[in-house]
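**Q** Working from the sequences, and respecting the hints, build out all of it.
Protein sequence lines correspond, in order, to chains A and B. All residue numbers for the first sequence refer to the working numbering, where the first residue is 1 and numbers rise by one. All residue numbers for the second sequence refer to the working numbering, where the first residue is 1 and numbers rise by one.
Derived by calculation from the structure, the hints in this document are not laboratory data.
Simulated DEER-style distance windows between Cβ atoms: (1) A:56 - B:20: 22 to 28 angstroms; (2) A:199 - B:53: 44 to 50 angstroms; (3) A:278 - B:23: 50 to 56 angstroms; (4) B:30 - A:374: 49 to 55 angstroms; (5) B:13 - A:293: 46 to 52 angstroms; (6) B:13 - A:221: 18 to 24 angstroms; (7) A:442 - B:32: 52 to 58 angstroms; (8) B:19 - A:205: 36 to 42 angstroms; (9) B:29 - A:55: 35 to 41 angstroms.
Model, not experiment: these values are computed from the prediction. Ideal placement from N, C-alpha and C gives every residue a C-beta, glycine not left out.
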Amino acid sequence: MTTERQVVIVGAGPAGIRATETLVRHGLRPVLVDEAPRSGGQIYRQPPAHFQRSKQTLYGRDAARAAALHDTMAGLLPHIQYFSDTLAWNAEGGQLDLLHPLQPQQRQSVTQPYTQLILSTGATDRVLPFPGWTLPGVFTLGGAQVALKYQGCAIGHRVVFVGSGPLLYLVAYQYAKAGASVAAVLDTAALADQVAALPSLMAAPGLLARGMHYVAWLRAHGVPLHGGIQPLQVLGDDRVSAVRWRDDRGEHTLACDAIGLGHALRSETQLPDILGCRFEFDALQRAWLPVRDAAGRSSVPGVYLAGDGAGILGAPAAEWAGERAALALLADTGHRLTPADTARVAQLERRLARAQRFRRGLERAFPFPTAWAAQASDELLVCRCESLTAGELRATARATGTTEINRLKALTRVGMGRCQGRMCAVAATEILAQCTGQPLSAVGRLRGQAPVKPIPFAAARPLAPEPPP
Amino acid sequence: MSQPAAKQGLFQRLAETRREPLSFTLDGRELQALAGDTVMTAVLSQSAQLRLAEFSGEPRAGFCLMGACQDCWMQTESGERLRACTTFLVAGMRLCSQPGVPHDN
Chain A
1 MTTERQVVIV GAGPAGIRAT ETLVRHGLRP VLVDEAPRSG GQIYRQPPAH FQRSKQTLYG
61 RDAARAAALH DTMAGLLPHI QYFSDTLAWN AEGGQLDLLH PLQPQQRQSV TQPYTQLILS
121 TGATDRVLPF PGWTLPGVFT LGGAQVALKY QGCAIGHRVV FVGSGPLLYL VAYQYAKAGA
181 SVAAVLDTAA LADQVAALPS LMAAPGLLAR GMHYVAWLRA HGVPLHGGIQ PLQVLGDDRV
241 SAVRWRDDRG EHTLACDAIG LGHALRSETQ LPDILGCRFE FDALQRAWLP VRDAAGRSSV
301 PGVYLAGDGA GILGAPAAEW AGERAALALL ADTGHRLTPA DTARVAQLER RLARAQRFRR
361 GLERAFPFPT AWAAQASDEL LVCRCESLTA GELRATARAT GTTEINRLKA LTRVGMGRCQ
421 GRMCAVAATE ILAQCTGQPL SAVGRLRGQA PVKPIPFAAA RPLAPEPPP
Chain B
1 MSQPAAKQGL FQRLAETRRE PLSFTLDGRE LQALAGDTVM TAVLSQSAQL RLAEFSGEPR
61 AGFCLMGACQ DCWMQTESGE RLRACTTFLV AGMRLCSQPG VPHDN
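**A** So this is what it looks like as structure tokens:
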């Protein structure tokens, strides 16, 4: 492990790899830290090395992009220090704390100083719970995709996909193509939403065509697609046996043994938070996000943000944002940019602006179900770590006059469990805003805390020097 | 409409099934899985739970599969804790889905 100060990139997905590539092209030898055993991020996640499916089978229409990114990473290896299987669990005072595997089964924390940081920490599913969502057999949409891509498994034998967003149809399509039985796709958005969004979705006609292809393919293969639905309940005693929902024709129940659940994505913002980056409320994404300029500079000098970790824009945009942030870092640290670099900067910023327009279209096509909190019953379990219901959150907020989410956390432990709010913060803030009659922006955001994920207590000690023999 | 049999696992293997078999135990039971399986895949391809929730005692089987939700932590018989979705199965692992419950069957 190096103790030299280097540029450090956190996250080896599309943004992190392109950022690293750009720095290497300009003569730097950065450090790239990634939690996964192999690079690619979630979207281009690679199965274990001895698995045999082709990239075409794994990534479908994204196969060329995935292959290009994996090839780039392979070419970078001689020029960088790459720490896979490594969690950046804290950042302060110009250094990261890394939980690094010294040997299999033995992890130890080491400190990694940095000169500048590029954070490309990615995203996880944004989940709106409904009764029964903790039953075995309910997984996130992204999780359903990981099971297939990474392990060659479906999450069940008869799967229903519930929620909204482009990933809903993509995962359903990937499952059906791989031979899984997809019993239905239940979308909280209505067809009218998608029609209304068409003009803005034309900002990325290729992605639009692809999304329409997935829907058409599912229809052609007899997969029932229901829009404008409200999920009511997952049924089952100790595992999923059926799902119940409501639409304008009434209530419906469908037998299934697994559910993929997700309403688009949420950014992993803990590290920028710990570093003191300024956050602003983003009305489009209904989330507090670290502020970044068009180039990816955060409010903290030397800290750059790229990819879905600082606001959801999708994988192609993450590649552009990674490259753009690296070019900003180079310019800010006195590296001479070539005229080609300068032209590239303008091109990347145009592409990112277009991606923003497409993103606005997606929000219109798959709008957040704003009635969710009002519809959530008091019995609904919101926090799966600490076992807290919507009713307990509402009662505490009312009894104590609590209007802010960190105060509610202190009083109830919501967001204090092992997931640190990754799974419940969206739901808990929506519930707090609803029951106090405030706009969502007014209830604030759960503050990030180190360690950003659970780590063994023994591993958190700094690595002691080797004792003399 | 086919109901899954009570003993059936949650996960269904669709591909990559010609891998080397590995043996492990779950709650004392000898089971087989495949090299390259995560602990989660090894368990959920033949069982419907990984653990019991601390507060409700209800069965849980993980949720996010990407190391974020922390709802798939299991224990080994020696008390070591591991996150099932990000830990690869190693031959001979002795896993418990119900820590503290004796299982000398």
